[in-house]
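Quick mapping for you: the protein sequence lines, in order, are chains A and B. Quick note: the first sequence uses the working numbering, first residue 15, plus one each step. Quick note: the second sequence uses the working numbering, first residue 2, plus one each step.
Incorrect hints may appear among the rest.
[Claimed, not checked] List of simulated lysine-lysine pairs, DSS-like, C-alpha gap at most 30 Å:
#  : chain 1 : residue 1 : chain 2 : residue 2
1  : B       : Lys104    : B       : Lys10
2  : A       : Lys114    : A       : Lys17
3  : A       : Lys17     : A       : Lys83
4  : A       : Lys66     : A       : Lys114
5  : A       : Lys66     : B       : Lys104
6  : B       : Lys10     : A       : Lys83
7  : A       : Lys83     : A       : Lys66
8  : A       : Lys66     : A       : Lys17
9  : B       : Lys104    : A       : Lys17
10 : A       : Lys83     : A       : Lys114
11 : B       : Lys15     : A       : Lys17
12 : B       : Lys10     : A       : Lys114
[Said to hold, decoys possible] According to the in silico footprint, chain B covers these stretches of chain A (three or more CB under 8 Å from chain B):
#  : region
13 : 49-61
14 : 117-126
[To be verified] Taking CB as the label site, the calculated pair distances span:
#  : chain 1 : residue 1 : chain 2 : residue 2 : range
15 : A       : Pro90     : B       : Gly97     : 22 to 32 Å
16 : A       : Thr40     : B       : Glu60     : 18 to 28 Å
17 : A       : Pro21     : B       : Asp57     : 27 to 37 Å
18 : B       : Gly4      : A       : Thr86     : 46 to 56 Å
19 : B       : Tyr96     : A       : Thr79     : 27 to 37 Å
20 : B       : Asp39     : A       : Thr19     : 39 to 49 Å
21 : A       : Gln59     : B       : Ser68     : 20 to 30 Å
22 : A       : Gly43     : B       : Thr8      : 22 to 32 Å
23 : A       : Asn68     : B       : Ser19     : 44 to 54 Å
24 : B       : Ala53     : A       : Pro127    : 47 to 57 Å
These aren't lab readings, by the way, just hints derived from the structure by calculation. Yeah, the Cβ is synthetic: ideal placement off N, Cα and C, and Gly gets one too.
Each chain is listed here by its residues.
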Amino acid sequence: DAKTTQPTSMDCAEGRAANLPCNHSTISGNEYVYWYRQIHSQGPQYIIHGLKNNETNEMASLIITEDRKSSTLILPHATLRDTAVYYCIVRDPWVQGAQKLVFGQGTRLTINP
Amino acid sequence: NAGVTQTPKFQVLKTGQSMTLQCAQDMNHEYMSWYRQDPGMGLRLIHYSVGAGITDQGEVPNGYNVSRSTTEDFPLRLLSAAPSQTSVYFCASSYGRLAMNEKLFFGSGTQLSVL
C-alpha cells in the first residue's frame with residue numbers, strides 16, 4: 015500500500031514559490047515526513063524532514079497540517095535549477111525495518127522561465 | 002571529502018556475465034545501501050547494511066549479492082547478469098543507522114546495460 019500520494023507533475027514560474035503537496039492520510043504518530051529531490055539523472059538529495067511542527071532550512075520549508083494527514087514542501091523562490099523530481103516519504107525511524115527508505119513515484123516539478 | 006563514490010559510471014554486460022559495482026564513502030558512515038532506478042520509476046532498495054559485517058535485504062534483492070567487510074566499502078555483485086537488471090544503480094550512505102535526523106547521501110550512479 016502506498017503511504018504517500020503526490021501529483022505526478024507540476025509547473026511553476028521562475029521566482030515564484032513552488033508548493034508541492036503530499037498526502038499521507040494513514041500516517042502514524044511516530045512517522046516522520048521526509049523530502050528528497052532528484053535532479054535529472056543525479057542521485058537524490060535530502061531536502062528537509064519533520065514530525066509535527068513546521069520546519070525551515072536553507073533549501074525549503076515544510077508545512078505539516080495539524081492532523082498530520084498532509085504536508086506541503088515550499089521552495090520560496092524557485093529557480094530553473096529546482097527543476098527535479100521531488101519525493102515525499104513517511105517513515106517511522108524507530109521500528110524494525112526503518113532502515114528501508116522507500117521512494118515512491120514523486121512529483122516532477124518543472125520551473126519555467 | 003569525496004562523499005559517496007561509485008564506479009564504474011557506465012557498464013555494458015552480456016547476459017550471464019558477472020560483475021561488481023563498487024561503492025565507497027569516506028565519511029565514516031555506518032549505514033550504506035544500494036538502490037536501482039528503472040526508467041520513469043522511483044528508486045527501489047536492493048540491499049542495505051547498518052555496519053561492517055551486517056547486511057540485509059531490501060525490496061528487490063534477487064540476483065544481487067552484497068558484503069560489508071569494511072566501513073568504507075559496500076560492493077554490489079551481479080553473479081549472472083540478466084536483461085532485467087538493466088538499470089541505473091545508486092549507492093547511498095548515512096552517518097548512523099538511518100535514525101530520525103539522519104539523511105541519506107547518494108552517489109552519482111552507475112548506468113548498467115545488460116544485452
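Hint check:
Restraint check for Lys104 (chain B) and Lys10 (chain B): satisfied, since their Cα atoms lie roughly 23 Å apart, inside the 30 Å limit. Among the hinted pairs, Lys114 (chain A) with Lys17 (chain A) is consistent with the structure: their alpha-carbon atoms are about 14 Å apart, no more than 30 Å. A C-alpha spacing of about 11 Å is found between Lys17 (chain A) and Lys83 (chain A), which places the hinted pair at or below 30 Å, so the restraint holds. For the given pair, Lys66 (chain A) sits about 22 Å from Lys114 (chain A) by alpha-carbon distance, which is consistent with the 30 Å threshold.
Among the hinted pairs, Lys66 (chain A) with Lys104 (chain B) is consistent with the structure: their alpha-carbon atoms are about 18 Å apart, no more than 30 Å. For the hint linking Lys10 (chain B) to Lys83 (chain A), the alpha-carbon distance of about 40 Å lies beyond 30 Å, and the restraint is violated. Restraint check for Lys83 (chain A) and Lys66 (chain A): satisfied, since their Cα atoms lie roughly 10 Å apart, inside the 30 Å limit. Among the hinted pairs, Lys66 (chain A) with Lys17 (chain A) is consistent with the structure: their alpha-carbon atoms are about 17 Å apart, no more than 30 Å.
The straight-line distance between the Cα atoms of Lys104 (chain B) and Lys17 (chain A) is roughly 19 Å, inside the 30 Å bound, and the hint therefore holds. Simply put, Lys83 (chain A) and Lys114 (chain A) have alpha-carbon atoms about 22 Å apart, close enough for the 30 Å limit, and the pair holds. With a C-alpha separation of about 37 Å, the suggested pairing of Lys15 (chain B) with Lys17 (chain A) is violated against the 30 Å cut-off. A threshold of 30 Å between alpha carbons decides the hint, and for Lys10 (chain B) with Lys114 (chain A) the separation of about 25 Å falls inside it, so the pair holds.
Residue count for the region 49-61 of chain A with a Cβ under 8 Å from a Cβ of chain B: 7. That meets the three needed, and the coverage hint holds. Taking a C-beta to C-beta cut-off of 8 Å, the region 117-126 of chain A contributes 4 residues in contact with chain B, enough for the three needed, and the coverage statement holds. As the Cβ distance of Pro90 (chain A) to Gly97 (chain B) is approximately 30 Å, the hint placing it in 22 to 32 Å holds. Checked against the given bound of 18 to 28 Å, the beta carbons of Thr40 (chain A) and Glu60 (chain B), roughly 19 Å apart, stay inside it.
A beta carbon spacing of about 33 Å between Pro21 (chain A) and Asp57 (chain B) agrees with the range 27 to 37 Å that was offered as a hint. A hinted range of 46 to 56 Å is violated for the C-beta pair Gly4 (chain B) and Thr86 (chain A), which are about 30 Å apart. Separated by about 30 Å at the C-beta atoms, Tyr96 (chain B) and Thr79 (chain A) satisfy the suggested range of 27 to 37 Å. The hinted window of 39 to 49 Å between Asp39 (chain B) and Thr19 (chain A) is violated, with their beta carbons roughly 21 Å apart.
Hint check: Gln59 (chain A) to Ser68 (chain B), Cβ distance near 28 Å, so the stated range 20 to 30 Å holds. Hint check: Gly43 (chain A) to Thr8 (chain B), Cβ distance near 42 Å, so the stated range 22 to 32 Å is violated. At about 50 Å, the beta-carbon gap between Asn68 (chain A) and Ser19 (chain B) stays in the expected band of 44 to 54 Å. At roughly 48 Å, the beta carbons of Ala53 (chain B) and Pro127 (chain A) sit within the given window of 47 to 57 Å.
Of the numbered hints stated above, those contradicted by the structure are hints 6, 11, 18, 20 and 22, listed in ascending order.
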